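Novice: The numbering used here applies: residue -16 is where the sequence shown begins, and numbers increase by one.
Honestly, the hints are just simulated from the structure, not real lab data.
Some hints here could point you the wrong way.
[To be verified] DSS-like mimics (lysine-lysine), calculated; alpha carbons at most 25 Å apart, straight line:
# : residue 1 : residue 2
1 : LYS43     : LYS30
2 : LYS3      : LYS30
3 : LYS71     : LYS43
4 : LYS43     : LYS3
It should be emphasised that the depicted structure is a prediction, and the values quoted were computed from it without experimental measurement.
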Amino acid sequence: MAGTGEPATRPVYADENVRKELRDSFVGLHGANGYNENAEMPVTFRKLPGVERIVRAHAKLEFSPTIEERHAQQAMELVGQSLQGYQKTEDGTPSTRTSARRARGRPRKTGSRTSSRRSKS
């Protein structure tokens, strides 16, 4: 710990079941809150390490050397709450921004900006 001469320890999962439960509940976020299977979704597997950092932070707040199920549940609750307002207006109604783009025939954005640009030759 800082100031005690001991190195800071990184919390580890209490057992593999805690890690598995975290990943299962993370996968379940994709269908949460009534999202359409084809709709744009802010939850991708690239975000799982970020959720794992939140879980570790919860364990560190309690000075726990292990990550327990309660830490994973707290983190998933936090992530779930943050996603409830995704693509909604201030009054809670669904945003029409992405649906309007699709209605005009524009494709969904992909991860790479360079793939959609044409080279000037």
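Novice: Next, verify each hint and record whether it holds.
Specialist: Now for the hints, and whether the structure bears them out:
1. LYS43 with LYS30: holds (20 Å)
2. LYS3 with LYS30: holds (16 Å)
3. LYS71 with LYS43: Roughly 33 Å separates the two Cα atoms, so the pair is violated.
4. LYS43 with LYS3: holds (20 Å)
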